[in-house]
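Asks: Same order as they appear, the protein sequences are chains A and B. For the first sequence, the working numbering begins at 7 and goes up steadily by one. For the second sequence, the working numbering begins at 29 and goes up steadily by one.
Source of the hints: derived by calculation from the structure; they are not laboratory data. Being a predicted model, the structure only gives us computed values, none of them experimental. From the three backbone atoms N, C-alpha and C, an ideal C-beta is built for every residue, glycine too. Hints may be right or wrong, so weigh each one.
To be verified - Straight line, CA to CA, 25 Å or less: simulated SDA-like cross-link-like pairs of lysine to any residue:
| no. | chain 1 | residue 1 | chain 2 | residue 2 |
| --- | --- | --- | --- | --- |
| 1 | A | Lys-206 | B | Ile-176 |
| 2 | A | Lys-325 | B | Asp-241 |
| 3 | A | Lys-180 | A | Lys-325 |
| 4 | A | Lys-417 | B | Ile-176 |
| 5 | A | Lys-236 | A | Asn-336 |
| 6 | B | Lys-408 | B | Asp-241 |
Claimed, not checked - For each label pair, taking beta carbons as the anchor points, the in silico distance ranges come out as:
| no. | chain 1 | residue 1 | chain 2 | residue 2 | range |
| --- | --- | --- | --- | --- | --- |
| 7 | A | Thr-201 | B | Asp-155 | 53 to 63 Å |
| 8 | A | Thr-155 | B | Asn-213 | 25 to 35 Å |
| 9 | A | Ile-138 | B | Arg-173 | 19 to 29 Å |
| 10 | B | Lys-33 | A | Glu-151 | 22 to 32 Å |
| 11 | A | Lys-289 | B | Tyr-366 | 28 to 38 Å |
| 12 | A | Glu-358 | B | Glu-437 | 40 to 50 Å |
| 13 | A | Pro-230 | B | Ala-359 | 42 to 52 Å |
Claimed, not checked - Which stretches of chain A does chain B cover? Using the computed rule of at least three CB atoms under 8 Å from a CB of chain B, they are:
| no. | segment |
| --- | --- |
| 14 | 118-127 |
| 15 | 282-291 |
| 16 | 393-399 |
Chain by chain, the residues run as shown.
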Amino acid sequence: MVHYNRFVLDNGLRVLVHEDNSTPMAVVNVLYDVGAKDEDPAKTGFAHLFEHLMFGGSIHIPDYDEPLQRAGGENNAYTTNDLTNYYCSLPAENIETAFWLESDRMLSLAFSKKSLEVQRKVVCEEFKEHYINKPYGDLWFKMRELAFTTHPYRWMTIGKDLSHIENATIDDVKAFFHKHYNPSNAILVVAGNVTTDQVKGLSEKWFGPIPKGDKYQRNLPAEPKQTGAKMMDVTADVPLDALVKTWHIEARLEKGYYVADLITEILGGGGSSRMYQALVKEKQLFSSLDCYHFGSIDKGLLAIEGKLVKGVNLEDADKAVCEQLQKIQNDLIDDSELQKVKNKTESVIAFEDMSVMSRASSLANYELLGDANLMNTELDRYQAITSEDIKAYSKIIFDTDNSNTLYYRSKN
Amino acid sequence: MLNRKKSPAIVDAVEFHLQLKPYTKFTLDNGVEVYSLHAGAQEVLMVEMVFFAGNWYEEKNIVAATTNFMLKNGTKQKSAFAINEHFDFYGAYLNRGCQNETATLTLHTLGKHLPKLLPVMSELLTDSVFPEEELAIYKQNQKQRLTINLKKCDFVANRLIDKYLFGVDHPYGKFSSAEDYEAINREDLIYYYNKFYTHGKCIIFTAGVLPADIKEQLNNAFGSLPLNQQPLPKVVHPTITATEKKYNISNDANGVQGAIRLARPFPNRHHPDFSKVQVLNNLFGGFFGSRLMSNIREDKGYTYGIHSYLQNMIEQSAWMVSTEAGKDVFAATIAEVYKEMARLRDDKIEESELHLVRNFMMGSLLSDLDGPFQTISRWKSYILNGLDENYFHKAINTIKTVSADELQELAKKYLNEEAFFELVVV
């Protein structure tokens, strides 16, 4: 059970406090309700580039990192298709430094041209390092475009194309800031060796005076229901053939999401999972095979991704995957297999909750979903899932018309 | 009126009195030492068995790593599937890892399931059979994985730089090839397993919310195994450092980035310079505010990240600079690294920069010690390196007191361009 207190400042900033006096540290986590899905299709990669610019100096403070490090703190941030999250941890005595730094960059950035120029290059190198200069690096660019016709999950957080980042201007940066970075669009979580009164005082002092700004009204185009199997076949300079298949699943708070989560465990979670045992160990069609989903807030994807054993052809491997999917659609899973994946879920949650930093970011994430207390009740949603649910949702998810298949062939 | 230009007062992290929470040590009936730490809020724990079964002791390449990996692939009583099923059913993780001197078997679990899991861990140590079929699958999949990794410039660079530093026959410098996987057989594994696991030398570390009967549970599972009965073989591996210093390797004709590694040999933790150089290294390239990061990423934008660090090995270390940079800027990147070395040799570090690094390192240490798994992991590192709590206090004292003059002397002693291997893999 993770205890927390919650209050809202007059400017709309939601604040959550999780007290844990067993640690000497404090974590300050600021989540902004903006992700790659909020980007203009002609200017993708911007939410993530912007995350880099948030460290390039704010209106009153030329450098974010230096004062934090001087206070014994560390920080980082990440951007997903759904959100942008900034977090720092520092000795609890010095927590005010984090309030000072975070509130100033919520108030306004310095919009330094030099910072934009440098971070454009840094992000281009990041793009090359992870997506161009790696075998299979472009695989998910292709799969996302295949699976989504309409919803902005079509593109990767890093952006559709290097040129989108290279062409970003300081005016784009300012417009993005004013649209998304304000108190009504943010969630502050403070965790660790702090008291709620102390956090209230500091929040009022540092974040209270920030103008409310306009609440961003999200109005994203919904992905229409897919009505036919989609298929793409590419050849690239990679050593081995790869197979990727995806299916649309329900949004984050729907029952189908939780069922899909357990389905990925049944099929691909660990050495005793069905597909690992059948396709890697017994039939030896794949040298590696994973089954997972994206954890997206809007309707996302469940994926099966594997590298083929040399000599096996893609069509046969695909067929063998489909046979496994047939089984889970047609036969009820037995109680002990269901119990296994539930036990695993319980254990994953317990391990995740060990660090203060991860508790803080979970609280922010659940608050974004609408209710921070979901963090304490989510396990019940998993516990309530039955064998019948698994079967029923498998039929819906693994419907051929809902499937996307990418054959990624080795040139050699 | 709130003055946002003025930073709030801080407590200097160097004022902190850092404590390493002490472990409790006990011994099983067979003499196996257990270091335990009872702490934490979640009902989870870890049990790590460290065997002296790393690649230091192997006579044939990759035997140590393969034996370690295949500990979960079948016993006299259970198939690989049954073993996985058992741990998965309880939501537990049983991981293995092979390092140079040591190899590990590590369990993470909710405490309530521990009695169901320890006996099977024990079975893996006495009854593993290394089935031919499992080995064949492993060899095939590892060879395939290797062909993919060999396409990655960073993977290739990491292998080569260690080879230049230590020699291709040294445990720190050798690496796997497809031929090595071909050559390995079941008898190699059984021999190694019998000698270094079943009859090997073992130390156990456990941490988390431990049950009251942890000692009995561990003793029941492991206390009667034939561990720690025979002395470890004394094996000496001479280091053969490459004579050529500069390398430019073309690995992928379509590569758009080069993996850069600059490295020099460096003594191990027992050397009096080690802790001081940790401070110098932080300043040089050890954190986000370091000189390499500030110059090469934050000023020039040549790379997504650049880091320097002392390698984490027992016998000998190396001082490494590591980055990936665009094809058009990697030469400029290397030139800037050397410039930063020269600056550290030529100019005394300003007090304010040194102060920042001291505070950062103390804060980072405080955060590293937060939680039972982190604390036991630090203890493990000390124990395996033959160090004790004094090392911790000395290292903290060094962070607080090492002077700018000393650091400049160390830069002159170690940060010389001609002492470094220089490697670019595109």
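Asks: Each of the hints needs a verdict: does it hold here or not?
Replies: Right, here's what the structure says about each hint:
Between Lys-206 of chain A and Ile-176 of chain B, the direct Cα distance comes to roughly 52 Å. Violation of the 25 Å bound is thereby established for this hinted pair. With a CA separation close to 51 Å, the supplied pair Lys-325 of chain A and Asp-241 of chain B exceeds the 25 Å bound. Annotation: proposed proximity of Lys-180 of chain A to Lys-325 of chain A is violated, straight-line Cα distance about 51 Å (limit 25 Å). Distance hint between Lys-417 of chain A and Ile-176 of chain B is fulfilled; the C-alpha atoms sit about 13 Å from each other, no more than 25 Å.
Taking the CA atoms of Lys-236 of chain A and Asn-336 of chain A, the gap is near 23 Å; set against the 25 Å cutoff, the hint holds. Among the hinted pairs, Lys-408 of chain B with Asp-241 of chain B is consistent with the structure: their alpha-carbon atoms are about 22 Å apart, no more than 25 Å. The hinted range of 53 to 63 Å is satisfied by Thr-201 of chain A and Asp-155 of chain B, whose Cβ atoms lie roughly 54 Å apart. At roughly 53 Å, the beta carbons of Thr-155 of chain A and Asn-213 of chain B sit outside the given window of 25 to 35 Å.
With their beta carbons about 21 Å apart, Ile-138 of chain A and Arg-173 of chain B fall inside the hinted range of 19 to 29 Å. Between Lys-33 of chain B and Glu-151 of chain A the Cβ separation comes to about 47 Å, which falls outside the hinted range of 22 to 32 Å. Under the hint 28 to 38 Å, the C-beta atoms of Lys-289 of chain A and Tyr-366 of chain B, about 54 Å apart, miss the expected range. About 46 Å separates the C-beta atoms of Glu-358 of chain A and Glu-437 of chain B, a value consistent with the hinted range of 40 to 50 Å.
As the Cβ distance of Pro-230 of chain A to Ala-359 of chain B is approximately 51 Å, the hint placing it in 42 to 52 Å holds. By the rule of at least three residues with a Cβ nearer than 8 Å to a Cβ of chain B, the coverage given for the segment 118-127 of chain A holds, with 5 such residues. Using a Cβ-Cβ cut-off of 8 Å, 4 residues of the segment 282-291 of chain A lie near chain B, which meets the minimum of three, so the contact claim holds. Counting residues of the segment 393-399 of chain A whose beta carbon lies closer than 8 Å to any beta carbon of chain B gives 0, which falls below the threshold of three, so the coverage claim is violated.
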